[in-house]
Every structure is written in C-alpha cells, then in structure tokens.
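Student: Taken in order, the sequence shown gives residues 15 to 153; the numbers are from my numbering.
Accuracy of the hints is not assured; some may be wrong.
[To be verified] Each pair of labels, with its calculated beta carbon distance range: (1) 27 with 115: 27 to 33 Å; (2) 16 with 82: 35 to 41 Å; (3) 17 with 47: 46 to 52 Å; (4) 22 with 105: 52 to 58 Å; (5) 85 with 37: 20 to 26 Å; (6) 153 with 15: 27 to 33 Å; (7) 56 with 79: 26 to 32 Å; (8) 148 with 56: 42 to 48 Å; (9) 29 with 126: 38 to 44 Å.
I should point out that these hints are in silico values taken from the structure, not numbers from a laboratory. Yeah, the Cβ is synthetic: ideal placement off N, Cα and C, and Gly gets one too.
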Amino acid sequence: VAVAAGGAMSNTVTVPVEASAPVLIAMVHGNGSPVSPEQPGRAGEVLSLYASGLGEVDAPVVNGEAAPGRTLVRMQVAPAVTINAVPAPVLFAGLTPGAVGLYQINFTIPEGATAETGVSAAFRLSVGSSSVVGRIDVQ
C-alpha cells in the first residue's frame, strides 16, 4: 500500500490480507426464531447461523446480486463450529439463497455441549486462520 498526498508518495508497505474476517449476525432455530435465554438451543437441534466475511465460495456471484435460490453456493474453506470446545457437525456452509452477501451455516448442537452454568455457553466459529468467539444459549 502506498499513499499519495500533496504530490508526494509514501513508502510502499506490504499489508497482509486475510481470506476471511467472520462477523456473526444472528443465530436462529429451524422455525426462524432467535436463539435466546428464553428459547435456548438443545442438544441434537439444528441451528442456522448468519454471518458475513466468511471468504470465497465455490461458484461466481456478482457483487451486489443475490445468491441463487436453486443452486447452493458453498464456502471453499469449510468452517469449524464449537460449543464449549465440543465440535458441532456442520451440515451446510455457504451463501444464503436469495440474499446478498449473507452466509448461512447450519450446524447441530452436539451432545455434551450444554452450558456448565445457566444456559450461556462458549461459541467459536473458525474459517481458515480467522475466528470469532461469543456466547450461545443452550440447554
């Protein structure tokens, strides 16, 4: 990267760019209701996580256009999901059909991932060398 200002150029600096930079947007049950302390996820249940910044996909999608509705567009790098450090099986990871720039990851809450106290558990989404951590309500 080099900056031009006032007719002068700065030194060129190499800046690493990550292939992904995950941002969590929402996590919902199969019926579309949000996962919450009042409606926690349960072991064996499939949840959908919505996110942005998850990297390249296996089919071209024009910037600013919705992902196709008939053909699933999958992530090139498979994500890893853990709840309380227990791996959660990922069933689908790719662009949300009909949405612009929105990724969807469907995963199953694994047995043994229930919260130690209350219903809040540690959650991690990893894509390549990037990851994001948070809390998920499970019971």
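Student: Does each hint fit the structure? Answer for all of them.
Tutor: Hints versus structure:
1. With their beta carbons about 29 Å apart, residue 27 and residue 115 fall inside the hinted range of 27 to 33 Å.
2. Distance hint check for residue 16 and residue 82: the Cβ-Cβ separation is about 39 Å, which falls inside the suggested range of 35 to 41 Å.
3. Between residue 17 and residue 47 the beta carbons are some 48 Å apart, a value that agrees with the proposed interval 46 to 52 Å.
4. Between residue 22 and residue 105 the C-beta distance comes to about 54 Å, which sits within the given range of 52 to 58 Å.
5. Our hint of 20 to 26 Å for residue 85 and residue 37 holds, since their Cβ atoms are close to 25 Å apart.
6. Look at residue 153 against residue 15: about 48 Å separates their beta carbons, and that is not inside 27 to 33 Å.
7. For residue 56 paired with residue 79, a C-beta distance near 36 Å fails the hint of 26 to 32 Å.
8. For residue 148 and residue 56, the Cβ-Cβ distance of about 19 Å falls outside the hinted range of 42 to 48 Å, so the restraint is violated.
9. Restraint check, residue 29 to residue 126: a C-beta distance of roughly 41 Å satisfies the suggested window 38 to 44 Å.
Consistency with the previously given hints fails for numbers 6, 7 and 8, ordered from lowest to highest.
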